[in-house]
Amino acid sequence: MKQLLALILGTILAIGGVLSFAPQSDAENETLMRECETKAKQAAELIRTRGAEAAFKKITDPNGPFVGKTSHVFCINAESGMLLAHKVARFVGSNMHYYRDADGNTPYTGMLEKAKQGEGGWTTYMTYGSGPEKRKTPGLKNMYFLKVPGEAIVLCCGYWEDA
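If you read the sequence shown in the working numbering, its first letter stands for residue 1, the second for the next number, and so on.
Calculated directly from the structure, the hints in this document are not laboratory data.
Warning: the hint list may mix true and false statements.
Here are the simulated BS3-like pairs of lysine-lysine, each with C-alpha atoms no more than 27 Å apart in a straight line [stated by the list, open to error]:
| hint | residue 1 | residue 2 |
| --- | --- | --- |
| 1 | K69 | K58 |
| 2 | K116 | K136 |
| 3 | K57 | K134 |
| 4 | K87 | K69 |
| 5 | K87 | K57 |
| 6 | K134 | K69 |
| 7 | K58 | K136 |
| 8 | K134 | K58 |
| 9 | K41 | K69 |
| 10 | K136 | K57 |
| 11 | K136 | K69 |
| 12 | K57 | K69 |
| 13 | K136 | K87 |
| 14 | K57 | K41 |
Derived Cβ-Cβ restraints for the label pairs, each shown as a range [claimed, not checked]:
| hint | residue 1 | residue 2 | range |
| --- | --- | --- | --- |
| 15 | T38 | G129 | 21 to 29 Å |
| 16 | E151 | S94 | 16 to 24 Å |
| 17 | R34 | G104 | 28 to 36 Å |
| 18 | P138 | T109 | 13 to 21 Å |
No residue lacks a Cβ here, since even glycine has one placed at the ideal position from N, Cα and C.
Using the sequences and the accompanying hints, generate a full structural model.
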């Protein structure tokens, strides 16, 4: 009887583990994409109306509107690639041109080039994440980016494809 219960419990846990890493539906991805775009655009408006320093405080506030359970906004200098504001303070000052994803690519370099030309959009890359998002296996990160008009600031907001 104990063996049967152990087998049933093991099966339930295994199924639960598989389902917890199931890819999101198209509708869930669409919702997360809209959330990221909205957050980035709201952060751009905040920078425009209140200035960068005041906006950075609000953008990095863990209880504020720009740091959520599924996504968060962070800011990069469009010219230098330096991280200007991030929810993990120790990352600020990192040069994102040197960031390598799980496949060895430098996804921020191309994204920053597009942003400097006034283009916004989406990029994807495989990453283990960092800080509180650190993972044992890489996952697909979808990231929206937008250059703040009139500023050398690129706003980014992304989410995990399998979160």
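| Unsatisfied constraints (hint numbers, rising) | Violated: hints 2, 7 and 10.
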